[in-house]
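Engineer: The chain contents come next:
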Amino acid sequence: MSNTKFTQQVLNSSQKKSGLSRRHFLKNTTAGLAGLGFWGASSRAFSKNAAHIVIIGGGIGGAAAAKYMRLLNADVKITVIEPNTQYIFCPGSNEVLPGWETLEELTVTYTTLKTRYSVNVVQDKATDIDYTNKRVKTAKGEVISYDKLIVSPGPTLDYEAIDGFNKSLAEGEFPSAWHAGAQTLKLREQVLSMKQGGTVLISSPKDPYRCPPAPYERASFILTMLKEHNPTGKVVILDSKDSFIFENVYPYYWKEHFGYGTNNSMIEWVSKSDGGDVIKLDATNHSVITANGTVHKGDVINIIPPEKAGQFALQNDLAEGDWCPVNFRDFTSTKFTDVHVIGDSIDGDPMPKTGYIASNQAKVVVQAINDELHGREIANPFIINDCVAMASKDFGMVLTETFRFAGDGKRLEERYNIPGATNDPARQVILQKVAENWQRSFRKDIFS
Amino acid sequence: MKRYIFPFALAVFIISGLHSGLTLADSSPYASMTGGISLDESHALAEKYPATAWNLANTCSGCHGTYGAEFNEIIPPIAGINREKFISIMQKYKKEDNNNFVVMGIVTKPLTDKEIELMADYFAAQKPVQWTKENWRDDVVNPVAEKGKE
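Quick mapping for you: the protein sequence lines, in order, are chains A and B. Reminder that position 438 of the first sequence reads as 438 in this note's numbering, one-by-one numbering, no gaps. Reminder that position 31 of the second sequence reads as 31 in this note's numbering, one-by-one numbering, no gaps.
Hints are computed from structural coordinates only; laboratory data are not their basis. Don't take each hint at face value.
DEER-style ranges, computed between Cβ atoms [what the hints assert, rightly or not]: (1) A:Gly-407 x B:Lys-85: 33 to 39 Å; (2) A:Glu-377 x B:Lys-95: 33 to 39 Å; (3) B:Lys-95 x A:Ser-265: 51 to 57 Å; (4) A:Ser-193 x B:Arg-83: 55 to 61 Å; (5) A:Ala-182 x B:Asp-139: 48 to 54 Å; (6) B:Asn-142 x A:Asp-282: 22 to 28 Å; (7) A:Ser-193 x B:Lys-48: 55 to 61 Å; (8) A:Asp-163 x B:Lys-85: 58 to 64 Å; (9) B:Lys-127 x A:Gly-99: 54 to 60 Å; (10) B:Ser-38 x A:Gly-409: 20 to 26 Å; (11) A:Thr-102 x B:Asp-138: 24 to 30 Å; (12) B:Asn-135 x A:Gly-141: 55 to 61 Å; (13) A:Trp-100 x B:Arg-137: 36 to 42 Å; (14) B:Ser-38 x A:Gln-86: 43 to 49 Å.
Quick list of in silico lysine-lysine cross-link-like pairs, DSSO-like style, CA-CA up to 27 Å [claimed, not checked]: (15) A:Lys-444 x B:Lys-133; (16) B:Lys-85 x B:Lys-114; (17) A:Lys-410 x B:Lys-114; (18) A:Lys-297 x A:Lys-280; (19) B:Lys-114 x B:Lys-95; (20) A:Lys-444 x B:Lys-127; (21) A:Lys-114 x A:Lys-393; (22) A:Lys-297 x A:Lys-255; (23) B:Lys-85 x B:Lys-147; (24) B:Lys-95 x B:Lys-48; (25) A:Lys-195 x A:Lys-48; (26) B:Lys-114 x A:Lys-227; (27) A:Lys-137 x A:Lys-335; (28) A:Lys-167 x A:Lys-125; (29) B:Lys-48 x A:Lys-114; (30) A:Lys-297 x A:Lys-335; (31) A:Lys-206 x A:Lys-297; (32) B:Lys-114 x B:Lys-94; (33) A:Lys-393 x B:Lys-133; (34) A:Lys-206 x A:Lys-241; (35) A:Lys-137 x A:Lys-114; (36) A:Lys-48 x A:Lys-140; (37) B:Lys-133 x B:Lys-95; (38) A:Lys-255 x B:Lys-133; (39) A:Lys-393 x A:Lys-255; (40) A:Lys-393 x B:Lys-114.
Quick reminder that beta carbons are idealized off the backbone N, C-alpha and C, glycines included.
Here chain A stands alone, though its shape is the one from the complex:
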């Protein structure tokens, strides 16, 4: 409790200061910057012997680790290394497709981390870890020493795993739109300008991948767009799996509104067993080829590529195969000491790859680091995933998973509960509101 009270005080006092310092900053930007040292972005002076927690990546996992580390401990130095000055929040980005949300609204900066939580944000790309000397090198040639390192680089989208597909095609004619951004807008434009009666192909990847319900949410949103602009248009989901999350919800919605399961259905779902596994893109003929040799022509082709651990983690030998193995008590790498890996890059099964999970892994890690700094035994981890999704503006869904520690050397144990579709319009819209509210509350929890 005393920790909480103390950090609450830190929070309150930095809150009071933030308005002042912002004005001060605007007024004195040039002079101020010149006078700032390495810790210049922070309003606090740290002890020379203060432990230095370095975080690679300013996504949800990295930002949550920085903020919650500060909430637990006012004395440590915290550095986040992140090349981008802005981050586009992924939760909610499917809603950019039908125009219910904007990228601007989803875009956050690191200002609050710097000013309110005294986090040093280095706008640079981390390249190498020197495990022996506990240092991180950056692209601009900076060398940053750490006492504890938290690696949260997000996933690598493995475009090349699909024959004939690559990153530049995704940035051009065949947007994956799996990181919110320009590709999301491109996909929106393609759907809106598709010829009447055309087909949108969505390739849903094999497990594990970021945000399991998102391909099905995306398909549902595109259906709503087509119903308005292109009622003879169609969506085909080609799946590299035989089952999917919320398969006890989405098909109900599709059936109710888009004739799913009938000859006139606007949507078709092709399982892996039925030949849905996309292995090749034929860009010239605007088609994809599945494992059983079937050619599917699409007017809009949205391939969500399979994933593996982030490039930084792969290059620094943190992975075994595609993912990084960790100890589940504190998410330390099983390969190197004083290094924690969180988020989409880890081999975290049965935990899915969601922002909510990444943020809760971050909390477990900073608690463990804080315990160690105080010479305490490292606490047992507990992780929840409350996953929300929508089918439309008036139909939402939610599931809960809890992950229990089951002993050192073991994976976490999962309990899940996924309520099925409801035919109660009031409940449908309440769940949609919960999903919508969660996106905002979660963004605020991590970035403000």
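Please build the complex by placing chain B on the supplied structure of chain A, with the hints as guidance.
Structural biologist: Frame of chain A, contents of chain B only:
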């Protein structure tokens, strides 16, 4: 998440006979899916490897805000909530049928009574935040009900 033991058969399914307000019959392909370890096993692991109040309570922040205090829409703030009130609400959700409440019914079930008490202590110790959207149902549900009457 582990693979579900769940047939994806879209059997003939008639919903017209169901009254609004009921959830779909459990035999439907839209039944709730539960799995992984049992609730008893989850509770047993909680006893064997107890988590801290800080860890337990901060799993709530994604929805209810940091310290349960930074959000105020249809998801209520829980910072500063009276300890006994928190426990009574959580226990009510925990005992209810899954579908009687939209989220908390499924969130509470794997938690032990002891864990709920630890969370209650944590949130009771936070600076209280007034919930100003207590009438959210009027805004969210009434338009749907009106639409239904048309």
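Engineer: Determine for every hint whether it applies to the structure shown.
Structural biologist: How the hints compare with the structure:
1. A:Gly-407 x B:Lys-85: 33 to 39 Å: holds (36 Å)
2. A:Glu-377 x B:Lys-95: 33 to 39 Å: 34 Å Cβ-Cβ, so the 33 to 39 Å window holds.
3. B:Lys-95 x A:Ser-265: 51 to 57 Å: Cβ of Lys-95 of chain B to Cβ of Ser-265 of chain A: about 41 Å, so the range 51 to 57 Å is violated.
4. A:Ser-193 x B:Arg-83: 55 to 61 Å: 57 Å Cβ-Cβ, so the 55 to 61 Å window holds.
5. A:Ala-182 x B:Asp-139: 48 to 54 Å: Violated, since Ala-182 of chain A and Asp-139 of chain B (Cβ atoms, about 35 Å apart) do not stay within the stated range.
6. B:Asn-142 x A:Asp-282: 22 to 28 Å: 51 Å Cβ-Cβ, so the 22 to 28 Å window is violated.
7. A:Ser-193 x B:Lys-48: 55 to 61 Å: At roughly 58 Å between Cβ atoms, Lys-48 of chain B and Ser-193 of chain A fall inside 55 to 61 Å, so the hint holds.
8. A:Asp-163 x B:Lys-85: 58 to 64 Å: Holds: the Cβ-Cβ distance is about 59 Å, inside 58 to 64 Å.
9. B:Lys-127 x A:Gly-99: 54 to 60 Å: 38 Å Cβ-Cβ, so the 54 to 60 Å window is violated.
10. B:Ser-38 x A:Gly-409: 20 to 26 Å: holds (22 Å)
11. A:Thr-102 x B:Asp-138: 24 to 30 Å: holds (28 Å)
12. B:Asn-135 x A:Gly-141: 55 to 61 Å: holds (58 Å)
13. A:Trp-100 x B:Arg-137: 36 to 42 Å: Distance hint for Trp-100 of chain A, Arg-137 of chain B is violated at roughly 22 Å.
14. B:Ser-38 x A:Gln-86: 43 to 49 Å: holds (45 Å)
15. A:Lys-444 x B:Lys-133: holds (18 Å)
16. B:Lys-85 x B:Lys-114: holds (15 Å)
17. A:Lys-410 x B:Lys-114: Holds: Lys-410 of chain A and Lys-114 of chain B sit about 24 Å apart, inside 27 Å.
18. A:Lys-297 x A:Lys-280: holds (12 Å)
19. B:Lys-114 x B:Lys-95: Within the cut-off at roughly 15 Å; holds.
20. A:Lys-444 x B:Lys-127: Given that 27 Å is the threshold and the Cα spacing comes to 18 Å, the pair holds.
21. A:Lys-114 x A:Lys-393: violated (35 Å)
22. A:Lys-297 x A:Lys-255: Roughly 24 Å separates the two Cα atoms, so the pair holds.
23. B:Lys-85 x B:Lys-147: Roughly 35 Å between the alpha carbons, so the hint for Lys-85 of chain B and Lys-147 of chain B is violated.
24. B:Lys-95 x B:Lys-48: holds (23 Å)
25. A:Lys-195 x A:Lys-48: Measuring from Cα to Cα gives roughly 65 Å; hence the hint is violated.
26. B:Lys-114 x A:Lys-227: Judged against 27 Å, a Cα distance of about 50 Å means the pair is violated.
27. A:Lys-137 x A:Lys-335: holds (19 Å)
28. A:Lys-167 x A:Lys-125: Since the Cα atoms of Lys-167 of chain A and Lys-125 of chain A sit roughly 19 Å apart, the hinted pair holds (cutoff 27 Å).
29. B:Lys-48 x A:Lys-114: At roughly 39 Å apart (the allowed maximum being 27 Å), Lys-114 of chain A and Lys-48 of chain B break the hint.
30. A:Lys-297 x A:Lys-335: violated (45 Å)
31. A:Lys-206 x A:Lys-297: Satisfied, since the Cα-Cα distance of roughly 21 Å is no more than 27 Å.
32. B:Lys-114 x B:Lys-94: holds (13 Å)
33. A:Lys-393 x B:Lys-133: holds (20 Å)
34. A:Lys-206 x A:Lys-241: holds (6 Å)
35. A:Lys-137 x A:Lys-114: holds (21 Å)
36. A:Lys-48 x A:Lys-140: Since the Cα atoms of Lys-48 of chain A and Lys-140 of chain A sit roughly 25 Å apart, the hinted pair holds (cutoff 27 Å).
37. B:Lys-133 x B:Lys-95: Since the Cα atoms of Lys-133 of chain B and Lys-95 of chain B sit roughly 26 Å apart, the hinted pair holds (cutoff 27 Å).
38. A:Lys-255 x B:Lys-133: violated (34 Å)
39. A:Lys-393 x A:Lys-255: holds (17 Å)
40. A:Lys-393 x B:Lys-114: Judged against 27 Å, a Cα distance of about 38 Å means the pair is violated.
Hint compliance for this structure: hints 3, 5, 6, 9, 13, 21, 23, 25, 26, 29, 30, 38 and 40 are not met, and every other hint is.
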